[in-house]
Amino acid sequence: MTDFMEQVSSDYTTTQARTFTEINIAGSGTLLTQLGEGAEADVVILAGRDHMSRLQEMNSFLPPVQFASTSLRSSCLLN
1 MTDFMEQVSS DYTTTQARTF TEINIAGSGT LLTQLGEGAE ADVVILAGRD
51 HMSRLQEMNS FLPPVQFAST SLRSSCLLN
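Just so you know, the sequence shown maps onto residues 1 to 79 in the working numbering.
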């Protein structure tokens, strides 16, 4: 996620005059805590619907938009 966000930031500031971005990468719980303590954000990317629901309850952000998904698969070898 770090590399992706740095590229998005670079692309955005290159195409948008007089703008800057500041990226804060942390776990979803940590980001929610920071926002709850007054941190400001224009865009928030969180993992999971539960975190997004908590964000909606805490702040006046627009409704979430899903922009990526993944599936976790696990396998094990039994003797």
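A hint or two may mislead.
As the list claims (entries may be wrong) - Quick list of the computed label-pair ranges, beta carbon to beta carbon:
(1) P64 x I25: 17 to 23 Å
(2) D50 x R73: 33 to 39 Å
(3) T30 x D3: 18 to 24 Å
(4) L72 x A41: 38 to 44 Å
Hints are computed from structural coordinates only; laboratory data are not their basis. Don't be surprised by glycine CBs; every beta carbon is placed ideally from N, CA and C.
* Is the gap between the beta carbons of T30 and D3 within 18 to 24 Å? -> holds (20 Å)
* State, for the Cβ atoms of L72 and A41, whether the hinted interval 38 to 44 Å holds or is violated. => Violated, since L72 and A41 (Cβ atoms, about 27 Å apart) do not stay within the stated range.
* Using the Cβ atoms, figure out if D50 sits within 33 to 39 Å of R73. => Check failed, 21 Å falls outside 33 to 39 Å.
* Cβ distance range 17 to 23 Å for P64 and I25, holds or violated -> holds (18 Å)
Checked against the numbered hints given earlier, the structure breaks hints 2, 4 and satisfies all the rest.
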